[in-house]
Amino acid sequence: MSQPVELPSEIKVGNVIDEGHSLASVSDKIAGIVLKRKTTFGWIVGLLISFAVLQSLMAAATMLFVKGVGVWGINIPVGWGFAIVNFVWWIGIGHAGTLISAILLLLNQSWRNAINRFAEAMTLFAVMCAGMFPVLHTGRPWLAYWLLPYPNTMDLWPQMRSPLLWDVFAVSTYLTISAVFWFVGLIPDLATLRDTSKKRWQQVLFGALALGWRSSARHWQRYEKASLLLAGLATPLVVSVHTVVSFDFAVSMIPGWHTTIFPPYFVAGAIYSGFGMVLTLMIPVRKFYGLEDIITMRHLNNMAKVTLATGMIVSYGYALEAFFGYYSGDMYEKYMILNRMTGPYAPFYWCLILCNMITPQFLWSKKIRTNPLILWIISIIVNIGMWLERFVIVVTSLHRDFLPSSWSMYWPTVWDWATYIGTIGLFMTLIFLFVRVLPIITIFELRMLLPGARVKEPVAR
Amino acid sequence: MSSHSTLDVHPLYGIMAEFATAGELVAAARKTHEAGFRKFDAYTPVPLHELDDAMDLHDNRVSLFTLIGAILGGSGGFTLASWISAKALPLNIGGRPLISIPMFIPVTFECTILIAGLTAAISMIMLNGLPLPYHPVFNVERFGAASKSKFFLCIETDDPKFDHAATVKFLESLNPEEVAEVAR
Amino acid sequence: MTTTEQSYAMSPQLADTVKKYQQTSAFVGLVFLALTISGYFFVGAQQFLRAYLVGCFFWFGAGIGCLGLLMVHLVTGGAWGMMIRRPLEAGTKTLYVMWLAFLPLLLMAPKLYLWADPAHAADKIVQAKALYLNMPFFWLRWVIYGAVWLGLTTLLNKWSKLEDETKSTDYSKKLEALSAPGIVAFFLTITFASVDFLMSLDPTWASTIYGFMQAVGAGLTALALIIAVLAMMTKYAPMDHAVTKKHLHDLGKLMFAFVMLWAYLNFSQLLIIWSGNLPQEITWYIRRLNGGWEWVSLSLLLLHFALPFALLLSQSLKRNANTISRIAIFIVCIRVVDLIWLVEPNFTSVDHPLLAISWLDLTAPIGFGGLWLALFFRALPERPLLPLGAPDLQKALNHGRDH
Amino acid sequence: MKISPIAASALAVLSFAALGCSRLDMQDQPKYRPQRPSQFFADGRSERQPVEGTIARGTLDEDTAFYQGKDAAGKDIEAFPIAVDKKVIERGQQRYDIYCAPCHGRIGNGLGMIVRRGFKQPPSYHIDRLRQAPVGHFYDVITNGYGAMLNYSAQVEPRDRWAIVAYIRALQYAENANINDLPQEARSRIPAAGTAPSKAQQSEPIAPNDTDFSNFPAVPATPSGVPGAAGAGAAPSNQPERK
Amino acid sequence: MSIVIGVIVLGAAGGALFELIADSRYATRQGDAREQPIPFSHMHHVGSMGIDCRYCHTSVDNSDWAVIPPTKTCMNCHSQIWVGSSTLEPVRESYRTNQSIKWTKVYDLPDYVYFNHSIHVKKGVGCETCHGRIDQQALTWQEPSLQMRWCLDCHRNPAPNLRPADKITTMGYVPSEPQEVLGARLMKENHVQKLDTCWTCHR
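Protein chains in written order, with this note's numbering: chain A, 1 to 461; chain B, 1 to 184; chain C, 1 to 403; chain D, 1 to 243; chain E, 1 to 203.
Treat the hints with care, as some may be off.
[Unchecked claim] Dumping the calculated EDC-like pairs for lysine to aspartate or glutamate here, alpha-carbon to alpha-carbon at most 20 Å: (1) B:Lys-31 / B:Asp-52; (2) C:Lys-129 / A:Asp-155; (3) A:Lys-305 / C:Asp-123; (4) B:Lys-87 / E:Asp-196; (5) E:Lys-102 / D:Asp-28; (6) E:Lys-194 / A:Glu-224; (7) E:Lys-105 / E:Glu-35; (8) C:Lys-124 / A:Glu-333; (9) D:Lys-31 / E:Asp-111; (10) E:Lys-72 / D:Glu-157; (11) C:Lys-174 / B:Glu-34; (12) E:Lys-102 / D:Asp-85; (13) E:Lys-72 / D:Asp-28; (14) D:Lys-31 / E:Glu-35; (15) E:Lys-105 / E:Glu-143; (16) D:Lys-75 / D:Asp-85; (17) B:Lys-87 / E:Asp-111; (18) E:Lys-123 / E:Glu-19; (19) A:Lys-334 / C:Asp-392; (20) A:Lys-305 / C:Asp-392; (21) B:Lys-161 / B:Glu-141; (22) C:Lys-253 / A:Glu-321; (23) C:Lys-246 / B:Glu-141; (24) A:Lys-199 / B:Asp-53; (25) B:Lys-39 / B:Asp-53; (26) A:Lys-198 / B:Glu-141.
Keep in mind the hints are simulated off the structure, nothing from the lab.
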């Protein structure tokens, strides 16, 4: 049985970081984007456009505060309209960031290092956009603090058995921990910026933010431990967030919502749309800032694979929903799935199937996975598909009430759209500001990938 | 012993050596530790796990605090949920039990993560003595490279074994690129 | 240090041990299977079939779990999988027998499955599902499952063998290319198989997460078994120097993830059904949370989740071959309880649930276990213990040695 | 934590504006509650009078005996238009103590608290003229007023007015009662032979129409003139039937 | 991180301050005697004259509304008493001109609260329980905070605030038997329930 062993040489899939970089060159390159690069015309135009789009959120919110939620398209059977659709969509988009930074850190996947900072920032901004909707949909956003358990003059406490309250806990925990994780990751890079900058005000600003980080080995030891712990905590957290979001639906008894597959299926959908959004943003940023040597083909390939895998799980969910619609033997469930497929919102359903089930199948091809343009288009289709999914879940399940007399249709109003598009403006504005003022790539983790950071001790142990 | 006079004239924080590679730094740190120095620190642009062994750094308090935070957060979350549901605002919803343990798990879980995560970050920063607006090592002009590409080792004057001339000599024997005095 | 010249064929000592294991398990398996079959006459056909289902499905899960893990590894790579790839392949080969083992269930379906019993043919709920739950389609699905599972097993093993022999990356690519859609097929088939053989025991009840749960459960069973086997093999050449603590650590982490996933999926199902409290759903839990079954449920919570969770948090326990294998074996045992918990309460009344377990519920899993392990240990020595043709083998061997 | 500064400031401005202007939160709703002033109607009242010449359902008040205390000829009626029993008298006592006692006094002697403060003293119920007066007369006085007394039609409903009349009759009867009118067991509670029984004890209510009141409890002695301080009488559970 | 801690501490302090303000008598106007167009004294009318509450507030026991009496009710007595008083001139003017007196509402519940006087009276909640010793209030003040917490205190546990039906309007009421016994008995007799669902008050 024994035979001479010849191991084949490694198959090159593409490196995590292209050759020719040194500790200093990596640091200077990324820090230079923040410190030296001139504010470009394109960036200003982009920021201005995003900021203009953001104004539609301002207008819509003002309208909402003055007039109340009646300006939205919600009605009696469809009490949950755009607000929850967009909330779930944004929260889902946020998931990729935590997944990339936390789970891949735990799995020792070194390809995460180039993209995690950006993805984490995206998480934060997406969760902020998501948070807008529950706060706005109360119609009295200035009373949003009522959602928190605190002693008050009304002697009232939130209903701890309600999934909507779990949402409050889950989303605020998610936002807090993501921000902490993001900031902790930034500390060494802020120190790099502090030490690289030549301008006094930048030194003071980055110095204050870096908290006096001095790259001490004693600090690194605790830092690495804390990073791992945070990653370990963030991983179940990110799963729990969309699980809780799915409970918002599944814990109720509406046909099409009350189904046990929802938690894993929502989590997969969240990661799916999140990776879609990372690709949508990363491909232009990579091109624009000339980061092809740091965000390599391997990154795109891997992200496309994750997109494909989660897309398959989501498709599995659709398939099971349809199958169990029949298998449950429940007439409401049966009607629900038939109504989805053939009812007034059927075009949305089939569009969703096209976007989420059919389109990702192209990703089986490596050619497509490594073609940034096609990948970018697919990622946008995925984003649209996931939005449609939430729309279909929310609206088709609600618009056919148990009581046929209250059957009705839901169409968003101009203010619904303005709110939704406005949050995209908010998101893009934040992204533009972020890429300008902070290092978009974790410098110290990139350094770890370089041969200069490897220990080849000259002395034998 | 002779260096004490130097100290008086020139308040000194320590002596710093600069190294070009991670390997040299780890070797130097190991030797320094073996030489009996304890009050010294290595500065590196990337975390080097080898240093933990070389310098005998095994501080697990961050994990401990995080565990405590997790336990407190979890029990606090569960207590909060059950106290509210059963005591502070008992609402009968369709005859369901007031204490409904499965329904409290999400809140319990989120509180666990929240408190544990905050403890992890805060205890790391606090144990590292941050935020710290001033530290003598930054007085060395080239030290800025510690956050980019160079590796440093600094033996502090507080160390009982510290002796100015001997320490300089010892550091020079480690094959550094440069040795510098660190003003306090 | 590991060098490419070393052989990864089994050392004679290990071969002896494996042979011993194989003989013992074959003996135990035959004795207990005989005992189980005797139960058909002594205890009754239905009780026999229930126990048979527990044993058969559990060990089928171990086989299909190996198939799933193998394909996941082939797609994602990773050092953990390289160490257990051969045991996984050996595990998949049991599927030939385990697939056939379903035959008695199909043949005697009316005695076990309400919907197949002509006496219940007029029931409203049975009629509502008749399009899916009918005997011809049941048989057809079994054939389709077999085609998928055995097809995948055959091809994967064949190409893996060729990969070793030719050292050609063509086969590595083929393996990866087959595994990706293979995973899809795996999930679909195990979902429907678990609906067919387990969920349809109670035709009034349905849960969409069920198939996913069974897939994860099977993966956990397989992983725990393989970890136990790997830990045993680390005492012998060549695995003593091939397997590092880091490999065990990674496998331990993976098992930890599976334990968490199992708990997550079960909790999700419980919470959604609990809060809905619908009569057609909650009865499933009423049966399992009353009449003595609540203790089984509680022990599952504690022993299937809490205890392994706490133990596997520890880094040192995961890195030690002895402790990790004990935890793994424990998990295999508690997995059997989980399966009994899934099957048996379906046969108790909702109004007066009663914990009643026959001795057959123990003999059947042991019997099938012996059979499975005998097949497994027979297949294991057939090939070198590491996939010599795999492109990343050297990297995987160096995993955990670079510091 | 990061919050969009723009969104945050907009929120802050708007919420302060909202707090500053008025209570938006349904605190003040565009609806009328009783006696709330109205900007809309000229007299500033949100509560409107029925349009002249209209009668609300159920307020036709055709039954002159019940609503006016008069017979068809316009004469005060002699007999109660309602059945009088213990509950009616208890109700009458309670209403009497609220609305009548301030002037007429709790035993009907016309020496209520208001009279002591300067209101014109009404006649005692126990004078012969009023003892002889038909029940319709009392009803008419309550309904339309008499002399210095304004009408109480807004404060006392017709059925309660009859209850009050019944109670007045009971007071009159009690003022002139003989010990032999008492049931046997009640007699034993009279303190001592020859001692003048107090007014309160005398005002043992007795049915004007021969209903059996053998179980009627004694009215506890109460300090007169302080209605509401104690013993405002009957259980309110049997309201007179409302129209 | 100190910033985070600072934000948390400041946030907590701000929250506490907010609660303190929201809870203060300034915010709730508890104990605040309101100016009225005519300085009507409950102390005089109830305390020294002993007029029953229901003489003026006629519908308190059969309607959700206790009623501010019409001017006519004042004139029942003041057509004869204090006829020359300039203080009472607005009353006479109102009577002459048929224009309502614009009283200032003391117990002003928000419009989203449904409150019914008669059910409280019928179930044995005395006037004094909510309005305090009205017989000692020269100008009427708001006795409780009227916060939701105050409502709920009683709605969750009504027994301590129940009294027999004939003691409803009594001021300075002292129970004739231990309140625990009486309360429990009255709960049973009057079928008093613990009503603390949202829709009890918010309809």
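Here is what the structure says about each hint:
1. Distance check on the hinted pair: B:Lys-31 and B:Asp-52 sit about 13 Å apart at the alpha-carbon level, within 20 Å; holds.
2. For the proposed pair C:Lys-129 and A:Asp-155, the alpha carbon gap of about 51 Å is over 20 Å, so the pair is violated.
3. At roughly 46 Å between alpha-carbon atoms, A:Lys-305 and C:Asp-123 are farther apart than 20 Å, so this suggested pair is violated.
4. For the given pair, B:Lys-87 sits about 13 Å from E:Asp-196 by alpha-carbon distance, which is consistent with the 20 Å threshold.
5. Using a Cα cut-off of 20 Å, the hinted pair E:Lys-102 and D:Asp-28 holds, with the two alpha carbons roughly 18 Å apart.
6. Distance restraint check for E:Lys-194 and A:Glu-224: the Cα-Cα separation of roughly 56 Å exceeds the 20 Å cut-off, and the hinted pair is therefore not satisfied.
7. With a C-alpha separation of about 10 Å, the suggested pair E:Lys-105 and E:Glu-35 falls inside the 20 Å cut-off, and the hint holds.
8. For the hint linking C:Lys-124 to A:Glu-333, the alpha-carbon distance of about 16 Å falls within 20 Å, and the restraint holds.
9. Taking the CA atoms of D:Lys-31 and E:Asp-111, the gap is near 9 Å; set against the 20 Å cutoff, the hint holds.
10. The hinted pair formed by E:Lys-72 and D:Glu-157 meets the criterion: a straight-line CA distance of about 16 Å does not exceed 20 Å.
11. A C-alpha spacing of about 54 Å is found between C:Lys-174 and B:Glu-34, which places the hinted pair above 20 Å, so the restraint is violated.
12. Restraint check for E:Lys-102 and D:Asp-85: the C-alpha separation of about 43 Å exceeds 20 Å, so the hint is violated.
13. Straight-line distance between C-alpha atoms of E:Lys-72 and D:Asp-28 comes to about 30 Å, which puts the hinted pair past the 20 Å bound.
14. Of the supplied pair hints, the one linking D:Lys-31 and E:Glu-35 is violated, its CA atoms being roughly 25 Å apart against a limit of 20 Å.
15. A C-alpha spacing of about 13 Å is found between E:Lys-105 and E:Glu-143, which places the hinted pair at or below 20 Å, so the restraint holds.
16. For the hint linking D:Lys-75 to D:Asp-85, the alpha-carbon distance of about 25 Å lies beyond 20 Å, and the restraint is violated.
17. For a cut-off of 20 Å, the pair hint linking B:Lys-87 to E:Asp-111 is broken: about 29 Å separates their Cα positions.
18. The suggested pairing of E:Lys-123 with E:Glu-19 is violated, with an alpha-carbon distance near 33 Å, which exceeds 20 Å.
19. Distance check on the hinted pair: A:Lys-334 and C:Asp-392 sit about 49 Å apart at the alpha-carbon level, beyond 20 Å; violated.
20. Distance check on the hinted pair: A:Lys-305 and C:Asp-392 sit about 19 Å apart at the alpha-carbon level, within 20 Å; holds.
21. Taking the CA atoms of B:Lys-161 and B:Glu-141, the gap is about 26 Å. The hint is violated against a cut of 20 Å.
22. Taking the CA atoms of C:Lys-253 and A:Glu-321, the gap is near 32 Å; set against the 20 Å cutoff, the hint is violated.
23. Taking the CA atoms of C:Lys-246 and B:Glu-141, the gap is near 41 Å; set against the 20 Å cutoff, the hint is violated.
24. For the given pair, A:Lys-199 sits about 38 Å from B:Asp-53 by alpha-carbon distance, which is inconsistent with the 20 Å threshold.
25. Straight-line distance between C-alpha atoms of B:Lys-39 and B:Asp-53 comes to about 16 Å, which keeps the hinted pair within the 20 Å bound.
26. For the suggested pair A:Lys-198 and B:Glu-141, the alpha carbons sit about 14 Å apart, so the restraint of at most 20 Å is met.
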